[in-house]
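Number of protein chains: 2
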Amino acid sequence: MEKLDQKPTITSIENGSVGSAKGFKTGGMHIGMRTKKPDLGWIYSEVPATAAGVYTTNVFQAAPLQVTQESIAEEKKLQAVLVNTVSANSCTGQQGLENARVTRQWLAQHLGITDHLVGVASTGVIGMQLPMEKIKKGIAAIDLSGSEAPFEEAILTTDTKTKHLAVTFEIDGKPVTIGGACKGSGMIHPNMATMLGFVTTDAAVAPDALKQALKTIVDKTFNRITVDGDTSTNDMVLLLANGQAENQPLSAQHPEWPVFLKGLEAVCQGLAKFIAGDGEGATKLIEVQVTGAKDNQSAEVIAKTIVGSSLVKTAVFGSDANWGRIVCAMGYSGEAFDPNHVTLKLGDLILFENGVPTPFDEQQAKNYLDEDSIVIKASLGEGNGSAVAWGCDLTYDYVKINASYRS
Amino acid sequence: MEKLDQKPTITSIENGSVGSAKGFKTGGMHIGMRTKKPDLGWIYSEVPATAAGVYTTNVFQAAPLQVTQESIAEEKKLQAVLVNTVSANSCTGQQGLENARVTRQWLAQHLGITDHLVGVASTGVIGMQLPMEKIKKGIAAIDLSGSEAPFEEAILTTDTKTKHLAVTFEIDGKPVTIGGACKGSGMIHPNMATMLGFVTTDAAVAPDALKQALKTIVDKTFNRITVDGDTSTNDMVLLLANGQAENQPLSAQHPEWPVFLKGLEAVCQGLAKFIAGDGEGATKLIEVQVTGAKDNQSAEVIAKTIVGSSLVKTAVFGSDANWGRIVCAMGYSGEAFDPNHVTLKLGDLILFENGVPTPFDEQQAKNYLDEDSIVIKASLGEGNGSAVAWGCDLTYDYVKINASYRS
Chain A
49 MEKLDQKPTI
59 TSIENGSVGS
69 AKGFKTGGMH
79 IGMRTKKPDL
89 GWIYSEVPAT
99 AAGVYTTNVF
109 QAAPLQVTQE
119 SIAEEKKLQA
129 VLVNTVSANS
139 CTGQQGLENA
149 RVTRQWLAQH
159 LGITDHLVGV
169 ASTGVIGMQL
179 PMEKIKKGIA
189 AIDLSGSEAP
199 FEEAILTTDT
209 KTKHLAVTFE
219 IDGKPVTIGG
229 ACKGSGMIHP
239 NMATMLGFVT
249 TDAAVAPDAL
259 KQALKTIVDK
269 TFNRITVDGD
279 TSTNDMVLLL
289 ANGQAENQPL
299 SAQHPEWPVF
309 LKGLEAVCQG
319 LAKFIAGDGE
329 GATKLIEVQV
339 TGAKDNQSAE
349 VIAKTIVGSS
359 LVKTAVFGSD
369 ANWGRIVCAM
379 GYSGEAFDPN
389 HVTLKLGDLI
399 LFENGVPTPF
409 DEQQAKNYLD
419 EDSIVIKASL
429 GEGNGSAVAW
439 GCDLTYDYVK
449 INASYRS
Chain B
49 MEKLDQKPTI
59 TSIENGSVGS
69 AKGFKTGGMH
79 IGMRTKKPDL
89 GWIYSEVPAT
99 AAGVYTTNVF
109 QAAPLQVTQE
119 SIAEEKKLQA
129 VLVNTVSANS
139 CTGQQGLENA
149 RVTRQWLAQH
159 LGITDHLVGV
169 ASTGVIGMQL
179 PMEKIKKGIA
189 AIDLSGSEAP
199 FEEAILTTDT
209 KTKHLAVTFE
219 IDGKPVTIGG
229 ACKGSGMIHP
239 NMATMLGFVT
249 TDAAVAPDAL
259 KQALKTIVDK
269 TFNRITVDGD
279 TSTNDMVLLL
289 ANGQAENQPL
299 SAQHPEWPVF
309 LKGLEAVCQG
319 LAKFIAGDGE
329 GATKLIEVQV
339 TGAKDNQSAE
349 VIAKTIVGSS
359 LVKTAVFGSD
369 ANWGRIVCAM
379 GYSGEAFDPN
389 HVTLKLGDLI
399 LFENGVPTPF
409 DEQQAKNYLD
419 EDSIVIKASL
429 GEGNGSAVAW
439 GCDLTYDYVK
449 INASYRS
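These protein sequence lines map, in sequence, to chains A and B.
So in my numbering the end of the first sequence lands on 455, straight run, no missing numbers.
So in my numbering the end of the second sequence lands on 455, straight run, no missing numbers.
Hints listed in this document are in silico derivations from the structure and should not be mistaken for laboratory results.
Hints are supplied without guarantee of correctness; some may be wrong.
No distinction is drawn between identical chains; accordingly, a pair holds when it is met within one copy or between any pair of copies.
[Claimed, not checked] Subject to a maximum C-alpha distance of 30 Å in a straight line, what follows is the list of computed DSBU-like cross-link-like pairs (lysine-lysine): (1) Lys414 / Lys448; (2) Lys209 / Lys448; (3) Lys125 / Lys393; (4) Lys84 / Lys414; (5) Lys182 / Lys85; (6) Lys259 / Lys124; (7) Lys321 / Lys448.
Here the structure is a predicted model, which is why all the values come from computation and not from measurement.
Make the full structure from the sequences, and use the hints.
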């Protein structure tokens, strides 16, 4: 266990994941949607858990997202979640919606709980209906006492690594755990960058507070990453809190609410960075830190614009300290600022100071850019606004993965 | 000459360019900024021409754009324009601004005209000062009676083709010509997608009308293209009208004003499509036609979002009719619409109708996508708004060009 912070003490759990919190079980299996790899995952809580979700803003919101929202709307609780790969069940019309409801019902029946305690999530090709027979057999084989594959493995598509994390800290003197797992961009039939995140905690949290906490934290973690600028129809992050830690229910009134938020941010930020660093074809994680903006919102827009620039991403791939592209991206972000107060650093190397190019050691810059993780620091001298955003480089493999034919 | 339209009769001029209109001379030469290729271009009008410009919205507006605006501000006229490659003279501080003014002065002296009748434009690496000695020698060698290279060739960087066009039509019963040349994305030291466009006409046009016409037409031509979403610090389109056609000065009050606008649109749209189709690494021109949007502005946002999507661009490169990516991009455009009324076509092949996937012949779609020029048609059933946007596919060569080291 690594101590992440001094006060409050939030420690990470080795190999922690979405099943680390008390009272949660998770698993995965291979049901033949993919050739060999696990392709169906599930999460189960021993008791109904207070639930909150954030969903894609895409007008074409996929069927499972609609059905999960229907479930949570009933009593703000979920007890189980089913995740399938291969078909995104998006743009599939009335039949897709009906199929999502049927798979929800199958899992509810298998677990002996009511339908609306089940959430569903999908990732895969848009416009393809769910392979219902395979999913039916898969659900029938779910065994809460053990599973053939880890959940975090069963939800992957073209991800090259599993992405999971958990932290623990104390609330009311009782140990509380928050754990999560997610998938990033790409599919075995590459189609779109679908992001799914699942976070569980054994903390007791009031429903509205949970929803607010998730929205706040997602805005500065998952919503700060980009791989290719394409917002999926299936993006969803679910947060389940089952109260098994037996703390006093948390809300903004609880003195230790900031501790819970800090823990939740640690998990969501960690997962978000895993996704950015494992973007399709990526070889490097790019972190952009903007400070001195007129406000935080302005800083966020600028940070996201830099990390989303194709020219910045290709320059990082080529280890080229072509800083002009970075200031260029700042300049077209839509935010107003005085170019003469802009300073830019690559790690700790100053490239541009108060609007004027600075002589720098090209080799030193190149060596830094050859690392796996790159930090770009831009300061504006306009105010106290700051923000961080994460992304990855743009490589031949991104084009390869996404230019290949679906079949 | 090809007849472009019946009424008004606008005909294109074979091999027409920015020097086609009466009283304009243009040229280019090699002054040693690039290894071998022509790298300095000039435009000259026998008499001062009414001038209008549109300039990048990037906060870091390059020095030559500032100096050209200073020139035009004096009496809304230009008589000559100088264009250098290799250095963008952007983010070069006070020295860069001073250098731009000095090159302006050199050309004015060489031609025997006042400074403020000269406009300057640059394209190249950001943060690099102009090679003043080379430019000085180049200007001294400018000969209005002939030149060693065509203007449209001398302004190119990594462009693979020259981009030029001219049309002719009648105003007040007198022949009028509008011609243009431009450069697109990429440089010999690839750095950013700099777009420069130069349009000349022998029509007599009132200054304010000229400015308004340029803004209106650029909004639906040059501002509808994207190669990689990165807005340069150096983008500029200049329009010079020298009145040598001897028509009555044009403005909105002139009965044939719409004819002039149509001619100007034909030139600007043609040049814009040349740039999109010759984007860095591009193998195909993509045209997106959006109809049935709630208004034209909404249609424009949706069309630009589709043509800017990395996933749509890679799918077109791979000739993959992965239509889910197109509707996904529409969905995250930020525009509200009912997904159930959306219909999508690839050329004339229907892929998605009223929100539901349509079975289609994959091979037929693939054959269509193998062509050089692809048309994507999206209709929304919300209203009468329509717009067209142009872009190109995203290829290995885009990554290759932009990942390579500057030096």
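How the hints compare with the structure:
1. Taking identical chains as interchangeable, the C-alpha atoms of lysine 414 and lysine 448 lie at most 30 Å apart whether they share a chain (25 Å) or sit on different chains (17 Å).
2. Taking CA atoms no more than 30 Å apart as the test, lysine 209 paired with lysine 448 passes in both settings, with 19 Å inside one copy and 26 Å between copies.
3. Proximity of lysine 125 and lysine 393 under a CA criterion of 30 Å is satisfied in neither setting, with 46 Å inside one chain copy and 42 Å between copies.
4. In this assembly of identical chains, lysine 84 and lysine 414 lie within 30 Å of each other by CA distance solely across copies; the values are 29 Å between and 40 Å within a copy.
5. Taking the shortest Cα distances, lysine 182 and lysine 85 sit within 30 Å of each other inside one copy (14 Å), while across copies they are farther apart (62 Å).
6. In this assembly of identical chains, lysine 259 and lysine 124 lie within 30 Å of each other by CA distance solely inside one copy; the values are 9 Å within and 58 Å between copies.
7. In this assembly of identical chains, lysine 321 and lysine 448 lie within 30 Å of each other by CA distance both inside one copy and across copies; the values are 23 Å within and 26 Å between.
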